[in-house]
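Trainee: Guided by the hints, dock chain B onto chain A, whose structure is given.
Listed below are the residues making up each chain.
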Amino acid sequence: MLFFSFYKSLVGKEITVELKNDLSITGLLQSVDQFLNIKLKDIKVNEEDKYPYMISVKNCFIRGSVVRYVHLPAEDVDVETLQDHSRLEAREQKKQNKQHQEQKSSTATTATTSTTV
Amino acid sequence: MSSGLGDEVDKKLIVVLRDGRKFIGIMRTFDQFANIVLQDTIERIYVGDCYSDKNLGLFFIRGDNVVILGEIDPDKEVQEKKLKKVSWEEITKAAALEKIKKEEEEQLKRRVMTESGLTIDSILNIDDF
Numbered sequence: 001m002l003f004f005s006f007y008k009s010l011v012g013k014e015i016t017v018e019l020k021n022d023l024s025i026t027g028l029l030q031s032v033d034q035f036l037n038i039k040l041k042d043i044k045v046n047e048e049d050k051y052p053y054m055i056s057v058k059n060c061f062i063r064g065s066v067v068r069y070v071h072l073p074a075e076d077v078d079v080e081t082l083q084d085h086s087r088l089e090a091r092e093q094k095k096q097n098k099q100h101q102e103q104k105s106s107t108a109t110t111a112t113t114s115t116t117v
Numbered sequence: 001m002s003s004g005l006g007d008e009v010d011k012k013l014i015v016v017l018r019d020g021r022k023f024i025g026i027m028r029t030f031d032q033f034a035n036i037v038l039q040d041t042i043e044r045i046y047v048g049d050c051y052s053d054k055n056l057g058l059f060f061i062r063g064d065n066v067v068i069l070g071e072i073d074p075d076k077e078v079q080e081k082k083l084k085k086v087s088w089e090e091i092t093k094a095a096a097l098e099k100i101k102k103e104e105e106e107q108l109k110r111r112v113m114t115e116s117g118l119t120i121d122s123i124l125n126i127d128d129f
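As they're listed, the protein sequences go chains A and B. Note that UniProt numbering has the first sequence beginning at 1, numbered continuously upward. Note that UniProt numbering has the second sequence beginning at 1, numbered continuously upward.
With the rest of the complex left out, here is chain A (with noise of 0.2 Å):
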């Protein structure tokens, strides 16, 4: 959910977009899916004569498990918050971990006692 957030952010923002089969598309990041889908706005294609079909295109959606790079603008990268959530986010997966690893090591006492009795 991490880069969901963070690619929310970025919204509005110019990014280029280099997909699995060497596309590459600069534009503007319109929106943003829970799959990392992308929709770009206003799109340019780099080494455009090589793809024509992308001539009369001017907004895509470009499915997320296609995408290998997103070139960011590095002033719109808050870094510091980032690195925030990312250590709140593993902090908070450590402590469910725990707890299921108690719930769990509880139910099975209580298993051990009732057969004993």
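Treat the hints with care, since some could be wrong.
As the list claims (entries may be wrong) - Straight line, CA to CA, 25 Å or less: simulated SDA-like cross-link-like pairs of lysine to any residue:
#  : chain 1 : residue 1 : chain 2 : residue 2
1  : A       : K8        : B       : G48
2  : A       : K44       : B       : E8
3  : A       : K50       : B       : N65
4  : A       : K41       : B       : D75
5  : A       : K58       : B       : K101
6  : B       : K109      : A       : Y51
7  : B       : K11       : A       : Q93
8  : A       : K41       : B       : R21
9  : A       : K20       : B       : E8
10 : A       : K20       : B       : R21
11 : B       : K101      : B       : I45
12 : B       : K11       : A       : Q34
13 : A       : K44       : B       : R18
14 : A       : K20       : B       : K109
15 : A       : K58       : B       : R18
16 : A       : K41       : B       : T29
17 : A       : K13       : B       : D19
18 : A       : K20       : A       : Q30
19 : B       : K11       : A       : F35
20 : B       : K109      : A       : N21
21 : A       : K20       : B       : G48
22 : B       : K76       : A       : F35
23 : A       : K20       : B       : Q32
24 : B       : K76       : A       : Y51
25 : A       : K41       : B       : N35
Stated by the list, open to error - Pair by pair, the computed Cβ-Cβ distance ranges are:
#  : chain 1 : residue 1 : chain 2 : residue 2 : range
26 : B       : D10       : A       : N46       : 29 to 35 Å
27 : A       : G64       : B       : F60       : 48 to 54 Å
28 : A       : P73       : B       : E77       : 27 to 33 Å
29 : A       : N97       : B       : V37       : 41 to 47 Å
30 : A       : L2        : B       : Q32       : 28 to 34 Å
31 : B       : M113      : A       : T81       : 26 to 32 Å
32 : B       : D53       : A       : L88       : 50 to 56 Å
33 : A       : Q34       : B       : K82       : 35 to 41 Å
34 : A       : D76       : B       : D19       : 31 to 37 Å
35 : A       : E47       : B       : V86       : 22 to 28 Å
36 : A       : M1        : B       : L83       : 16 to 22 Å
By construction, these hints were calculated from the structure, which means they are not laboratory data. Think of the CB as a built atom: it goes at the ideal place given N, C-alpha and C, for glycine as much as any other residue.
Mentor: Coordinates of chain B only, in the frame set by chain A:
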């Protein structure tokens, strides 16, 4: 905010698939996997400055094959008219020739790479893209 395809419904789209094929049609239905139904679909092949179309009708496209859904902009479509429309037979012939040429290039590249001790190709081929 959510990036659904809702805005694209009933619009003319070009759909690029993972094997490089391009379909143009009116999108009627979609879901969260980008499975889509295209109406009045044509397949379009481009080779160099030429292109050709073939009518195919109604299509359901499974989402995992989709690379891009491009909205066709009427203003920009005019620019495409610079390309020459040729017959389907001509374009398939030209496409086959181009494919052979590309394969030869690929083989040459592979040979040079194996000669210098690189076998990256085998890794690249796993993801048949």
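Trainee: Against each hint, give a clear statement of whether it holds in the structure.
Mentor: Evaluation of the provided hints:
no.	hint	in the structure
1	K8(A) to G48(B)	violated, 38 Å
2	K44(A) to E8(B)	holds, 19 Å
3	K50(A) to N65(B)	holds, 21 Å
4	K41(A) to D75(B)	holds, 15 Å
5	K58(A) to K101(B)	violated, 31 Å
6	K109(B) to Y51(A)	holds, 22 Å
7	K11(B) to Q93(A)	violated, 43 Å
8	K41(A) to R21(B)	holds, 23 Å
9	K20(A) to E8(B)	holds, 24 Å
10	K20(A) to R21(B)	holds, 15 Å
11	K101(B) to I45(B)	holds, 17 Å
12	K11(B) to Q34(A)	holds, 24 Å
13	K44(A) to R18(B)	holds, 20 Å
14	K20(A) to K109(B)	holds, 19 Å
15	K58(A) to R18(B)	holds, 20 Å
16	K41(A) to T29(B)	holds, 22 Å
17	K13(A) to D19(B)	violated, 30 Å
18	K20(A) to Q30(A)	holds, 21 Å
19	K11(B) to F35(A)	holds, 23 Å
20	K109(B) to N21(A)	holds, 18 Å
21	K20(A) to G48(B)	holds, 22 Å
22	K76(B) to F35(A)	violated, 29 Å
23	K20(A) to Q32(B)	holds, 21 Å
24	K76(B) to Y51(A)	holds, 14 Å
25	K41(A) to N35(B)	holds, 22 Å
26	D10(B) to N46(A): 29 to 35 Å	holds, 31 Å
27	G64(A) to F60(B): 48 to 54 Å	violated, 21 Å
28	P73(A) to E77(B): 27 to 33 Å	holds, 30 Å
29	N97(A) to V37(B): 41 to 47 Å	holds, 43 Å
30	L2(A) to Q32(B): 28 to 34 Å	violated, 20 Å
31	M113(B) to T81(A): 26 to 32 Å	violated, 42 Å
32	D53(B) to L88(A): 50 to 56 Å	holds, 53 Å
33	Q34(A) to K82(B): 35 to 41 Å	holds, 40 Å
34	D76(A) to D19(B): 31 to 37 Å	holds, 35 Å
35	E47(A) to V86(B): 22 to 28 Å	holds, 23 Å
36	M1(A) to L83(B): 16 to 22 Å	violated, 43 Å
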